[in-house]
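A.B. asks: Protein chains in written order, with our numbering: chain X, 8 to 285; chain E, 2 to 309; chain W, 1283 to 1654.
Hint data in this document are derived by calculation from the structure and do not stem from the laboratory. Be careful, since some hints might not be right.
[Stated by the list, open to error] In silico DSS-like pairs for lysine-lysine, Cα to Cα no more than 25 Å straight-line: (1) W:LYS1290 x E:LYS22; (2) X:LYS171 x X:LYS113; (3) X:LYS190 x W:LYS1485; (4) W:LYS1485 x E:LYS22; (5) X:LYS106 x W:LYS1297; (6) W:LYS1412 x X:LYS190; (7) X:LYS147 x E:LYS272; (8) X:LYS190 x X:LYS171; (9) W:LYS1537 x W:LYS1560; (10) W:LYS1297 x X:LYS113; (11) W:LYS1287 x W:LYS1309; (12) X:LYS171 x E:LYS22; (13) W:LYS1290 x W:LYS1460; (14) W:LYS1537 x W:LYS1485; (15) X:LYS80 x X:LYS147; (16) E:LYS307 x X:LYS112; (17) E:LYS272 x X:LYS106; (18) X:LYS171 x W:LYS1414; (19) W:LYS1389 x X:LYS190; (20) E:LYS307 x X:LYS113; (21) E:LYS307 x X:LYS171; (22) X:LYS190 x W:LYS1414; (23) E:LYS307 x X:LYS106; (24) E:LYS22 x W:LYS1287; (25) W:LYS1290 x W:LYS1309; (26) E:LYS22 x X:LYS190; (27) W:LYS1404 x W:LYS1356; (28) W:LYS1297 x X:LYS112; (29) W:LYS1309 x X:LYS171; (30) E:LYS272 x X:LYS113; (31) W:LYS1404 x E:LYS22; (32) E:LYS148 x X:LYS112; (33) W:LYS1287 x W:LYS1356; (34) E:LYS307 x W:LYS1297; (35) X:LYS106 x W:LYS1404; (36) W:LYS1309 x W:LYS1404.
[To be verified] Restraint ranges, calculated between C-beta atoms of paired labels, are given here: (37) X:LYS113 x W:LYS1460: 45 to 53 Å; (38) E:ALA23 x W:ARG1411: 33 to 41 Å; (39) X:PRO174 x W:ARG1411: 15 to 23 Å; (40) W:GLU1339 x E:VAL95: 57 to 65 Å.
For every residue, glycine included, the Cβ atom is placed at its ideal position computed from N, Cα and C.
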Amino acid sequence: MFELRSWQAKAGFMALLLLIAFFLFFPVYWALSSAFKGNGELYQMDPTLFPNDFYLGHFMTAISEGNLLLQLKNSLLTSTSSALLNAALASLAGYSFAKFEYPAKKPLMLLILSAQMFPFGVLLISIYPMLQAVNLLDTKLGLTISYIVFALPVSTYMMYSYFKQLPNELIEAAKVDGASNLKIFYRIVMPISFPAFITVTLYAFMWSWNDLLYSMTLITSEENRTVGPGLLLRYINENNSDWGGAMAASFLAAAPVVVVFALLQKQFIGGVTSGAVK
Amino acid sequence: MDMVSIKDRGLKRPKTERSLKAGDRRFAYLILIPAMTAFMVMVFYPFVDAMSMSFFQFTIYDMEPIFIGFDNFVTVLTDPYVLASWVTTAVFVVGTTLLTMTFGLAWALLMYQDFHGRAVFRTMTLLPWILPSTVSAFVWAWMLNGKYGVVNAMLLSAGIVDENIQFLSNDVGAMVAIILTRTWISIPLFMSFFLAGLQGMDFQQIEAARLDGAGNLTIVRRLILPHLKPVFLVTGALGMIGNLQQFDIIYALTGGGPIRATTVLSIEVFKQAFENWDLGMASTIGVLWVFTLMPLVVFYLRSLFKED
Amino acid sequence: MADVKLEKVIKRFGKVETIHGIDLDIKHGEFVVFVGPSGCGKSTLLRMIAGLEEVTEGEVYIGDNRVTNWQPSKREIAMVFQSYALYPHMSVRQNMSFGLEVTGQPKALIEQRVAEAARILKLDELFERKPKELSGGQRQRVAIGRTIVRQPEIFLFDEPLSNLDAELRVQMRIEISKLHEQLGNTMIYVTHDQVEAMTMADKIVVLRDGIIEQVGTPLELYHQPVNKFVAGFIGSPKMNFLPVTVLSANKNEIKVILHDGQQLSLNYDGRTLNEGDKLSLGIRPEHFSSGNSADISLDVNIDVAEHLGGTTYIYSDIAGQAVTIEADSDVVFERGEIKTFSFHLSRCHLFAADGRRMEAIAEVRVVEKAVA
């Protein structure tokens, strides 16, 4: 797109590229390299760019002390199941909105989408006593269900706009072929829409995976704690000094999802944006 | 080909004659039920419930909510702390959204250029976004550490400052910290918004402009920015909605402090509700919060539905 | 037997009425083509027969059944869509067997039917391919194959050839015609292309703005169009319309004057006409001949001449009307030349101001040739 023949243009381009790349990627590098530094090297006024010797002690203590692995498991479990639940609900609702005509359609869609002006923190004020009333406070199930709040409206819209551009003729052909609506949905529509389903699942997963507010408030026991609040409670307190441990634990907490996203990112970038801005 | 009669095919005559599409409509309502139920129970009811709580006095000392009409609103609107946190929110939201959009656009333009290694950059761009909030907060808290932080080290060696800045323990520094961190996290998403917008660009238009002698900057200013204007508005609204809702990063980095310097509405509501257990007051501040969000959401939804 | 009958069929989308009460009979085994410009309602009509679109008022009958509110799958129909609508995640074989499978047919029957259809359409070798690995023509064949295996009483085609290139279109046109001969079923075919209509149909239904303009065999439409619209729509290139003005009219005769002063006397009951009425004289491009040997001669100023080898088309402007003439292919015409062409009055149609065709113009004679 840009014409970079002159050296000025090249230099300008490179400078901007390096500047933003540095802002984006250096923090990750720094966290990683800090995780491998022994405390002596970590706490000096003049930091080293590379770890002098690859010290693995922080990783050891991150795993052996505290409940990092259990918390990771809890996080993955709640986030994955809520993401799948969310994507399933969103697929059904999105299909209903995209491919059928009925009087209540537009108001219902607007109602669901307007949920974006309901602050999550405000909803929590009611969700907390609700879960308490049905004995789901401090359970993984309760947290999983509550996570619906974050992504359902936008996920529904994402599936809606995906289904919207599926050709009607495909559905009509199946109809003429004699398939019922339900069969059309799971034999024709969903297999074709698998990429969109994955995108929405990932999107919903990100919300729950990144969450701190709900998991911190709705989970109180060590056994059900997820990774976000777990890290926070362990490493950030008035006089925390274990930055090496914090970085190592952070690395471990982030790694599984980073791997998954590295594998799936191509379709994800396109998918997330397709619904939101057109 | 031999013809097979109707009976062989097991087709049955419809028993009753309803309208042709009645079955479709029933199916449409049926598959809407799960999502609608979840939505009503987990989103809509809690919202209405929380909103109505703003008319009640309901603290940890009250057994039952006591109806007090608009008293909470009077308290909130005359409370300098609440108004201050509204201003704090505005500073955070505007600062973050502006920075995010600037960097997001610049990065999208860079990533739109076909250069060697672009694919690697694009893949890596997602990184800040997929880290759990707590992890992002840790990474930046460590970088901005007042004693051993690498940012201080860099500023010192570049001669920009003479002594370490205690980012997280002074008002301005804490605000800078949360804005920087939130910007860092949001750039990937905004880059992909802008990239999607750029992909809809007519490439021949750029070629034609280049033949007319337009330089890179002219093309950005005269062709690309006008083309992206609708994307700008929508992502701007979306960004502000997201930043208005933001809690995790701020709580993990500063906890709303020092004192109240980074206490935005989300933190304020959380503290009222789950530290002071004053649900009535929390809800009332929540109403203020909802009204702040509303125009943005209305704008966003309108632009979404414009084409339908 | 599967006759199709439409009775006062009306379609409204909200307040907008797009089909205004259509009556139509289609006999078993007929190849019927719905033709008309886009937006005329031909596809909507087909979709109402298929059961994909609700009928707002009126009834649809297939065979002895009133099927107005029946689901498509109960109507003994199969349909080929414009986009083919092949299931992209299924192989050719799965695409063809899907309809039988979901209606619970025995495996052996499915296999036999699919094999049969594949043989007819020469699809055997493509069985395991996905639609995206097929060419346009092959996709079209699979779409047809999918309908054949279901052995419906009625085949519906919704502009099936419009996505194919010209050569393939001709080829598929022939194949579909052959298929009709072979199967002998009722086929209803929608197109905006009058050539397809003329070449394939037993019966053509010309639609405009949600009403039927004319129903008839291709040659009936060509020779006896009921109005200017049908006359202009059927035949290629389009029929030319020359403006004429009524000089006098009585029970037996209408006298009109052409733009260049020629007067014609036409045998027609002209009691509805008055002096000074504006009429149109229709003459098809292919009915012109060079020179002044025929009844009426015109001097034509050639704007453009297209020499196609087999034929030559001449484009000109006569009295403000664009005129196309099919001329001798062995003469070279130059732009700007003025040439004389003539045509026989027996080839002409006279259209009233409202577009309706006056009764066939029988014995006509030239009264007086104007002096130029």
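A.B. asks: Against this structure, judge whether each hint is valid.
C.D. replies: So, going through the hints one by one against the coordinates:
no., hint, in the structure
1, W:LYS1290 x E:LYS22, "holds, 20 Å"
2, X:LYS171 x X:LYS113, "holds, 14 Å"
3, X:LYS190 x W:LYS1485, "violated, 37 Å"
4, W:LYS1485 x E:LYS22, "violated, 31 Å"
5, X:LYS106 x W:LYS1297, "holds, 21 Å"
6, W:LYS1412 x X:LYS190, "holds, 20 Å"
7, X:LYS147 x E:LYS272, "holds, 24 Å"
8, X:LYS190 x X:LYS171, "holds, 19 Å"
9, W:LYS1537 x W:LYS1560, "holds, 12 Å"
10, W:LYS1297 x X:LYS113, "holds, 19 Å"
11, W:LYS1287 x W:LYS1309, "holds, 9 Å"
12, X:LYS171 x E:LYS22, "holds, 19 Å"
13, W:LYS1290 x W:LYS1460, "violated, 33 Å"
14, W:LYS1537 x W:LYS1485, "violated, 36 Å"
15, X:LYS80 x X:LYS147, "holds, 11 Å"
16, E:LYS307 x X:LYS112, "holds, 16 Å"
17, E:LYS272 x X:LYS106, "violated, 44 Å"
18, X:LYS171 x W:LYS1414, "holds, 21 Å"
19, W:LYS1389 x X:LYS190, "holds, 19 Å"
20, E:LYS307 x X:LYS113, "holds, 13 Å"
21, E:LYS307 x X:LYS171, "holds, 15 Å"
22, X:LYS190 x W:LYS1414, "holds, 23 Å"
23, E:LYS307 x X:LYS106, "holds, 18 Å"
24, E:LYS22 x W:LYS1287, "holds, 21 Å"
25, W:LYS1290 x W:LYS1309, "holds, 18 Å"
26, E:LYS22 x X:LYS190, "holds, 17 Å"
27, W:LYS1404 x W:LYS1356, "violated, 29 Å"
28, W:LYS1297 x X:LYS112, "holds, 19 Å"
29, W:LYS1309 x X:LYS171, "violated, 38 Å"
30, E:LYS272 x X:LYS113, "violated, 37 Å"
31, W:LYS1404 x E:LYS22, "violated, 37 Å"
32, E:LYS148 x X:LYS112, "violated, 58 Å"
33, W:LYS1287 x W:LYS1356, "holds, 16 Å"
34, E:LYS307 x W:LYS1297, "holds, 22 Å"
35, X:LYS106 x W:LYS1404, "violated, 35 Å"
36, W:LYS1309 x W:LYS1404, "violated, 30 Å"
37, X:LYS113 x W:LYS1460: 45 to 53 Å, "holds, 48 Å"
38, E:ALA23 x W:ARG1411: 33 to 41 Å, "holds, 39 Å"
39, X:PRO174 x W:ARG1411: 15 to 23 Å, "holds, 20 Å"
40, W:GLU1339 x E:VAL95: 57 to 65 Å, "holds, 58 Å"
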